[in-house]
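A.B. asks: These are the residues of each chain, in order.
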Amino acid sequence: MAEPRLIEISPVTRVEGHGKVTIHLDANNQVDEARLHIVEFRGFERFIRGRLLWEVPVIVQRLCGICPVSHHLAAAKAMDVICGVDDLPPTAEKMRRLMHYGQVMQSHVLHFFHLAAPDLLFGFGAPAEKRNIFEVIKENPELGRRAIAMRKFGQDIIEATAGKKIHGTGAIPGGINRNLPVPARDAFLAVIDEMCLWAQDALALARRYTQEHDHLVAEFASFPSNHMSLVRDSDGALDLYHGKLRALNAVGGTIFEKLDYARYHEVLVEDVRPWSYMKFPFIKELGPEKGWYRVGPLARMNTVSFIDTPLANAALAELKQETSGAPNNSTLVNHWARMIEVLHCVEKIRELLHDPDLQGTDLRATGQRREEGTGVIEAPRGNLIHHYKVDENDTVTYCNLIVSTTHNNEGMNRAVKDVAVKHLSGQERITEGMLNHVEVAIRAYDPCLSCATHALGQMPLQIELFDADGGLLDSRQRSA
Amino acid sequence: MTSPDFTFVIDGRAIPGKPGQTIMEAADAAGIYIPRLCDHEGLRHQGGCRVCTVKAAGRSVSACTQPAAPDLVVESETPHINKLRRDLVEMLFHEGNHLCPICEASGNCELQAMAYRLDMTAPTKMPYLEPCRELDVSHPDIALDTNRCISCGRCIRASQDVDHKGVFGYVGRGIHRRVAVNGSDLAHTDAAVTDHAISAEVCPVGCILRKRVGFATPIGEREFDHGPIGHEIEGGSSD
Ligand code: SF4
Ligand code: SF4
Ligand code: FES
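If you read the protein sequences in the order shown, they are chains A and B.
Counted the way my numbering counts, the first sequence spans residues 1 to 480.
Counted the way my numbering counts, the second sequence spans residues 1 to 239.
By construction, these hints were calculated from the structure, which means they are not laboratory data.
No residue lacks a Cβ here, since even glycine has one placed at the ideal position from N, Cα and C.
Keep in mind that a hint or two might mislead.
[To be verified] Pulled a few chain B residues facing chain A out of the computed Cβ check, cut under 7 Å: (1) P19; (2) G20; (3) F93; (4) P101; (5) I102; (6) V137; (7) G214; (8) P218; (9) I219.
[What the hints assert, rightly or not] Calculated from the model, a selection of chain B residues having no Cβ within reach of chain A, i.e. all distances over 12 Å: (10) D11; (11) G206; (12) E221.
[Stated by the list, open to error] In silico DSS-like cross-links for lysine-lysine, where the CA-CA straight-line distance does not exceed 30 Å: (13) K211(B) / K389(A); (14) K125(B) / K165(A); (15) K244(A) / K130(A); (16) K164(A) / K211(B); (17) K279(A) / K422(A); (18) K165(A) / K211(B); (19) K152(A) / K279(A); (20) K165(B) / K125(B); (21) K389(A) / K165(A); (22) K389(A) / K422(A); (23) K164(A) / K125(B); (24) K258(A) / K279(A); (25) K244(A) / K258(A); (26) K130(A) / K164(A); (27) K152(A) / K165(A).
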């Protein structure tokens with residue numbers, strides 16, 4: 001009788017937390033269960049205890065080498081609350097928004113061109129040597145040139161608002177430490193129209209790909225789920241920087257609406273499973289089986305009522321048409337959604353650059369100190385929650401973070417399982433194509449794994465096939 | 001009767017000296033910067049850190065304490081001496097816990113600026129002690145992160161000689177010698193945020209912190225964003 005088998009996929013490098021996929025086969029070589037293991041973040045919540053409150057927005061940037069600005073801003077928002085500031089001076093809020101749009105833009109561009117484009121252009125089954133940005137540039141030099149220029153534009157915005165491209169200091173409790181001088185503004189204005197055109201082209205590429213591969217998109221890691229994000233309080237518009245929480249179910253029914261994010265712990269439960277360091281959040285009233293949800297670009301396209309910039313809003317309408325207005329549950333549509341957000345960010349940046357408030361000098365507000373504060377932001381990868389308590393000596397006594405990768409934990413596990421069931425079951429040997437499909441499913445969520453996002457175009461992977469007693473049946477390795 | 005002014009030589013340049021001046025004071029006046037950490041304007045010389053080491057008449061001496069003398073020949077900016085200085089600065093990074101990207105002193109910190117000036121670009125292979133002492137946050141307006149203290153003693157001298165208080169003192173010996181407050185914690189001393197010892201200029205690193213200042217100064221406007229450490233002295237040179 002055939003024994004149940006365990007397939008293990010683990011990244012070789014462990015730079016910033018690491019992930020590992022184990023696929024459990026039953027005796028008939030059918031996928032029984034698939035698990036994505038991620039080790040990250042918990043140590044950090046302890047490390048931050050005892051530090052001074054104004055250090056936190058700077059320290060938290062070390063959580064993630066890929067989207068430090070999102071942590072910077074979420075922590076700063078929580079510290080605004082703790083410092084008793086509910087309304088920032090307009091210059092401060094607009095500078096932070098500018099920083100955030102620059103960050104989302106550069107992160108999405110990086111993901112799309114460097115990580116997704118090789119898969120999309122050459123197919124998931126293509127050999128590893130082919131699936132990287134260098135091959136994309138070789139075949140399409142103009143696309144490569146634009147990718148680099150757009151990413152640089154986003155990074156330059158970050159530098160102009162935070163002082164540095166990485167580990168800046170711009171946002172401080174109650175405000176910002178700089179404004180945008182006119183020469184810097186004019187340098188951005190000089191290229192913003194070009195950015196807008198390129199963003200539209202990239203969006204068209206993502207849309208075309210999705211529509212041309214509708215069959216693949218419909219079956220690849222596509223499954224119903226709830227969706228959650230911030231939306232603008234006044235009208236439900238897409239708002240990446242601030243708003244109230246909204247959650248919808250797989251067919252668009254409201255689960256909660258206009259929820260003050262400081263009350264996140266009343267509606268979300270963070271489930272712990274013995275095999276994973278990363279928690280599994282779910283919506284309390286629905287329970288762990290039905291209450292899990294997805295966050296990120298596609299979740300946002302599903303939750304928002306509309307987008308308040310015209311080009312991105314028209315693009316959203318096209319995306320919504322695919323599902324006749326209902327939530328879209330296909331993992332791969334994230335790429336399309338991501339490029340709609342790039343266009344939205346470019347439009348928002350343009351709007352802000354024309355706003356004289358960016359040259360204002362009232363940068364910081366103060367207020368009555370509070371003990372507790374929560375800051376939430378829509379980061380490139382989705383909703384990001386920072387929650388702190390601070391004692392009367394100004395030091396942090398409690399910290400709880402829910403990062404996008406954690407929100408998406410269940411969704412990513414389901415995506416891996418879905419792909420595994422369709423592509424791995426019944427296979428005797430581990431093939432490169434099998435690895436690639438699992439990798440593409442994880443990567444569509446853009447998790448904060450160095451292995452998933454640092455290596456240009458390919459994750460260093462190790463896959464091992466065990467029998468029930470732990471004996472090695474087959475092994476395959478690929479390094480970046 | 002006072003002795004007359006004289007000249008002596010630093011790195012081949014003849015510069016004027018006055019009786020009673022140290023080599024460093026005469027060099028400063030002539031626009032020549034000699035690296036330093038424990039010495040600070042307005043405080044008595046201590047001669048502790050040795051970063052100001054120069055060769056005078058063939059002997060290694062601390063420029064902050066050694067008197068200038070007629071016709072003395074001093075070497076300062078030589079590869080050999082700068083290597084020695086770099087080694088000393090490196091050791092300070094090994095003894096403390098310095099993570100500049102999260103430190104609010106970054107850009108204003110003399111230790112960091114000295115490391116840049118001396119070309120300390122890569123970590124060494126030696127182990128880092130990385131102490132994890134708890135912060136002293138007891139005082140309403142002042143915080144202490146002694147993991148970054150370089151035991152320069154500037155706060156001790158400022159508190160004693162300028163503030164006439166004695167908030168800080170040394171405890172322990174040798175490599176274990178470090179600065180502590182004279183009380184169970186800072187709240188139990190008579191330290192005030194207006195003390196000279198607490199002012200931004202006295203502590204060269206991010207150890208003595210004035211609460212709620214944090215990262216209010218943007219990158220680009222911090223002290224050493226304007227030039228390397230010593231540039232004000234060098235910029236003041238007549239040639
Ligand atoms: S005290 Fe200076 S050297 Fe130490 S971490 Fe702070 S900036 Fe860096
Ligand atoms: S606390 Fe600052 S001034 Fe005092 S000895 Fe330490 S480094 Fe020097
Ligand atoms: S500056 Fe002379 S010994 Fe420290």
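A.B. asks: Going back to the hint list, which numbers does this structure go against?
C.D. replies: 1, 2, 3, 11, 12, 15, 19, 20, 22 and 26
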